[in-house]
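Peer 1: Sequences listed follow chains S and D, in order.
The opening residue of the first sequence carries number 1 in the UniProt record's numbering; numbering runs sequentially from there.
The opening residue of the second sequence carries number 1 in the UniProt record's numbering; numbering runs sequentially from there.
Hints are computed from structural coordinates only; laboratory data are not their basis.
Just so you know, not all the hints are guaranteed correct.
Where chains are identical, the list cannot tell them apart; a pair therefore holds if satisfied intra-copy or between any two copies.
Listed next, the in silico DSS-like pairs over lysine-lysine satisfying Cα-Cα at most 27 Å (straight line) [what the hints assert, rightly or not]:
#, residue 1, residue 2
1, LYS124, LYS62
2, LYS207, LYS182
3, LYS443, LYS414
4, LYS62, LYS372
Protein chains: 2
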Amino acid sequence: MNTSEFRRRGKEMVDYVANYMEGIEGRQVYPDVEPGYLRPLIPDSAPQEPDTFEDIINDIEKIIMPGVTHWHSPYFFAYFPTASSYPAMLADMLCGAIGCIGFSWAASPACTELETVMMDWLGKMLELPKAFLTENAGEGGGVIQGSASEATLVALLAARTKAIHRLQAASPELTQAAIMEKLVAYSSDQAHSSVERAGLIGGVKLKAIPSDGNFAMRASALQEALERDRAAGLIPFFVSSAALVAPGNKEDMWLHVDAAYAGSAFICPEFRHLLNGVEFADSFNFNPHKWLLVNFDCSAMWVKKRSDLTGAFRLDPTYLKHSHQDSGKKPAFNIFLTDGPFHVSFQHWQIPLGRRFRSLKMWFVFRMYGVKGLQAYIRKHVQLSHEFESLVLQDPRFEICAEVTLGLVCFRLKGSNKVNEALLQRINSAKKIHLVPCHLRDKFVLRFAICSRTVESAHVQRAWEHIKELAADVLQAERE
Amino acid sequence: MNTSEFRRRGKEMVDYVANYMEGIEGRQVYPDVEPGYLRPLIPDSAPQEPDTFEDIINDIEKIIMPGVTHWHSPYFFAYFPTASSYPAMLADMLCGAIGCIGFSWAASPACTELETVMMDWLGKMLELPKAFLTENAGEGGGVIQGSASEATLVALLAARTKAIHRLQAASPELTQAAIMEKLVAYSSDQAHSSVERAGLIGGVKLKAIPSDGNFAMRASALQEALERDRAAGLIPFFVSSAALVAPGNKEDMWLHVDAAYAGSAFICPEFRHLLNGVEFADSFNFNPHKWLLVNFDCSAMWVKKRSDLTGAFRLDPTYLKHSHQDSGKKPAFNIFLTDGPFHVSFQHWQIPLGRRFRSLKMWFVFRMYGVKGLQAYIRKHVQLSHEFESLVLQDPRFEICAEVTLGLVCFRLKGSNKVNEALLQRINSAKKIHLVPCHLRDKFVLRFAICSRTVESAHVQRAWEHIKELAADVLQAERE
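Excised from the complex, chain S in its bound form (with noise of 0.2 Å):
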């Protein structure tokens, strides 16, 4: 494809994507189709010779779409929000024409000082201590991650680096193995398994402390664990939480906070009072692609000292180096030199080598929605939640399951767990509406989130309605 046929096809692109984006409502939310479903379709191998264009253009509707799992059309509340908005897409189109793989300062300068830049804005959106900005030239900085899975995993392992060096100056004949096998890493039981496979991967042992009433990780409990674990030997040294649990006594401790979804509302001074005490946290963490209309991936991740980070991971192959560490001199051209807070290597602070330019979505989105345009968008979702609240609240036959905060309300019918999957699977197999379950505790419990831009409250209505009526079917066919 040349130059001249990109021009035109592209512009077909685009006006296909706006298409699917204008009709999605009209598109059946979850697909019909069963496991296995595409291999039948296409070829069993790769062409030798080139298909045209229109052959692929029209396989999109023909083999694609009957398989697509609709996240932004306006009758999906399942799982989580993805961020979705026309700035992040135009930004992600220049992303893939520069191309380039911004590892090192040098390997594209723009792509490391923008995003160096953009997450100091973003920082201020959410009123960040300034210890987590660059700006200010002090030891912290923000860094964009592919997940909130990566940013828990760079979080525990430089926590991890930093003890094993800590025991180690402390008592040089122990073992790494030997410090390792007594590690201890703290979630709430409530956390996202990405904790949980972080402490896999790091090879450390991880505890679940008991919730309270709202799900949050009871601080007292994890006083409690602390001191247990410490009295039989074992090393704490990593808790990451939702929100601020024990700053005190902390010392030798690595606070990681993880508001992956949440952290977009933080934007909006009524909901900045979640974040209290981040100034306590080593790392924070939280996905911008899920709520604050940056495309995927984006993941904003802060820590208080990048040095942690980088010594986790720094290694310096000639090829990728840019300073010349055996001459003390200044260098004498911008491909060699040394890390700085002008010019960091963003290799050091996350697992893969390579990286897309990134913050050009963020770029895009903030300035063309601005920040109250932001605000006035959480808002939005925030309040179709309460709007869906109030309905469930109306219904004697159903119960809330959890304070509703933000964009998700967690609802049931009273009764058994049994009869709120029969709910459930009514509901997914209508295909109106895609919600998905979740346990609280022992209950089995339905997730209804806010999640598609252009969801508004006639589509919450029209989802209530449903709902209730199927509720009425179960109900019934219980009572049979």
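Let chain S serve as the given structure and place chain D on it in line with the hints.
Peer 2: For chain D alone, coordinates are given in the frame of chain S:
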């Protein structure tokens, strides 16, 4: 931005991208900026009210482009190629619009299923052993990872889990830490830093095995290391290699073959022999996002036994669960499905939970180029590297430092490292072309990597003339 504005702005962006690609040769390949150049050019916080799209698009040339290293310029011969093609960019636009997060089959069936089939297509292009493909409903399969670093890490973690389970089954009294202390992974002393990082993250020892004259791992040296380490009570469990070594005596070893860059060439029959022996590997990985025209990120990984991966990572929170594990019944509807050959959950194959619909890029590229078009592309690059090699060989002042097999030429001035460092510095200060160095053992070497999709013989000739001129200056300066 509403949909009708997106139609307009999207088409403008298509033209911007097309203009950028068309004019890239005229841009200086490496930027003039100094560290910290960008921050003073933009506000220190996000705007409260929206900026216009015009503001932003104007700022691209004013603020971003002056700091971009143009990886797709035909004068970019640095680092390694990163793929860029129009079909991949078109697919990425569609991927952004669908915007599903395909962590499980149900989360978007098309996303999982197309990936499975595309990994089979690609596996067949490479003539991978059938055991790695999914179509035979065997135990193997392919998955798209974000980077080779992640693939190496995932393989190492799977191997670690397997080794721990095996050893604990034999000796239940062994703790995980006691085993990990003895585990040893091996890679070539010329290997990519990703292996070292994987060992660091996984908390296991990594030993570098001396390489041979072609900078490949020496099989006999590996064998000696294995015997020595086993005799010392250590437990060899993982070897990562660019080519096949020591298939014998591997019963308890995981063999990971990493051909991040070279792998793309194996679609050409004349280069396929470089992959011989892959039938002994447990996992194989290469990056179509390097040299197979599929834009970053797309790292292709295959395993012979997918349960080895899922065994290392499997964690099942309710809200992501699609199987009624306590029920032996046939699932009642699609969202509750056990894993199987047709409905894998790729979340258990990788570190992040989230994942984009990246197989669309493979589908577009494979179909719009056809296998023959892809082969022609590889062959053109290899031919250009040989052309450069022969230019170097014609000049008695220079030497070739490693056998040229694919698209990379390692060369240097005969003489000291200092004179070569001076030459590289002149090259990168002149900024007509861009190169980076490497060390081959104790020699400072210049790497000339054929990178750009649009590089032609004329660019290579011009680059060589330029290098020769600068070399004359350097040698002159040395004599003075």
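Peer 1: Take the hints in turn and mark each one as holding or not.
Peer 2: Okay, the hints, checked on the actual structure:
In this assembly of identical chains, the alpha carbons of LYS124 and LYS62 lie at most 27 Å apart only when taken from different copies (24 Å versus 46 Å within one copy). Taking CA atoms no more than 27 Å apart as the test, LYS207 paired with LYS182 passes in both settings, with 12 Å inside one copy and 25 Å between copies. For a Cα distance limit of 27 Å, the shortest separation of LYS443 from LYS414 inside one copy, 11 Å, qualifies, whereas the shortest one across copies, 74 Å, does not. In the homo-oligomer, the alpha carbons of LYS62 and LYS372 lie at most 27 Å apart only across protomers (26 Å), although the nearest pairing inside one protomer, at 41 Å, exceeds that limit.
Checked against the numbered hints above, the structure breaks none of them.
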